[in-house]
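One line per chain: the protein sequences are Y and S, in this order. Residue numbers are given in our numbering: position 101 of the first sequence equals residue 268, and the series is strictly consecutive. Residue numbers are given in our numbering: position 82 of the second sequence equals residue 92, and the series is strictly consecutive.
Since the hints were made in silico from the structure, they are not lab data. Some hints could be false.
Cut-off 30 Å, straight-line C-alpha distance, at most; resulting in silico cross-link-like pairs (DSBU-like, lysine-lysine) [unchecked claim]:
1. Y/K236 with S/K80
2. Y/K216 with S/K21
3. Y/K236 with Y/K216
4. S/K21 with S/K67
5. S/K21 with S/K80
6. S/K80 with S/K63
Here are the in silico distance ranges between beta carbons for each label pair [said to hold, decoys possible]:
7. Y/S185 with S/R19: 28 to 38 Å
8. Y/I179 with S/V98: 22 to 32 Å
9. S/T27 with Y/A184: 44 to 54 Å
As the structure is a prediction and not an experimental result, all values here were calculated from the model. All C-beta atoms, glycine included, are put in the ideal place defined by N, C-alpha and C.
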Amino acid sequence: AQSVSQHNHHVILSEAASLELGCNYSYGGTVNLFWYVQYPGQHLQLLLKYFSGDPLVKGIKGFEAEFIKSKFSFNLRKPSVQWSDTAEYFCAVNAHGYGQNFVFGPGTRLSVLP
Amino acid sequence: DAGITQSPRHKVTETGTPVTLRCHQTENHRYMYWYRQDPGHGLRLIHYSYGVKDTDKGEVSDGYSVSRSKTEDFLLTLESATSSQTSVYFCAISEEGGYTEAFFGQGTRLTVV
């Protein structure tokens, strides 16, 4: 079965610090990859997505992610976080040939201190 | 925001009672999903639909059923609610399944007492 892991359960950073959140998946074929953000009390919103092409993808709010196929990874980065980035971040995968659903990781809670 | 409406937004129900949650979309997307969100588990797929009357089970489908009689509506029914089904339920839609992104509704917080 497909699975998605996120290395960090809770990350605490100060404003202006750089961010990297890890995401690994367990499928060796073609995948579509997503990062979603959930602000407190809200629904999930798409940050960025990767389907094919340039493995470095840019999303909204200054976020970017890099797909490294050999490592089955899709890590999320931001060079300088803000207090407003405090949220929970979810990585999701759709594995070709395994249906049209999305498999989510357990999430990483990010707390940014002012 | 995508046109997705979940109802009710909050519900408290008693163990053993049936409960139906509704998801309504105005985007005419083919795929609709029900997920539950629990701390430490992220989002887990309950059921999804790939067209009217076409549904499939997800990883946590026991105790749940779904129906989709119209493109715009996807209903999730808890046959006989249990305390383990206390959770936040999210509906999502996608135009082309996993080949396009999913858009999420605002969620329904269900408490089974």
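Going down the list of hints, with the structure as the test:
1. Y/K236 with S/K80: With a Cα-Cα distance of about 39 Å, the restraint between Y/K236 and S/K80 is violated, given a limit of 30 Å.
2. Y/K216 with S/K21: violated (33 Å)
3. Y/K236 with Y/K216: Within the cut-off at roughly 15 Å; holds.
4. S/K21 with S/K67: Given that 30 Å is the threshold and the Cα spacing comes to 24 Å, the pair holds.
5. S/K21 with S/K80: holds (24 Å)
6. S/K80 with S/K63: Holds - the C-alpha atoms of S/K63 and S/K80 are around 8 Å apart, at most 30 Å.
7. Y/S185 with S/R19: 28 to 38 Å: For S/R19 against Y/S185, whose Cβ atoms are near 37 Å apart, the range 28 to 38 Å holds.
8. Y/I179 with S/V98: 22 to 32 Å: holds (24 Å)
9. S/T27 with Y/A184: 44 to 54 Å: holds (48 Å)
Of the hints listed earlier, those the structure fails to meet are numbers 1 and 2, in rising order.
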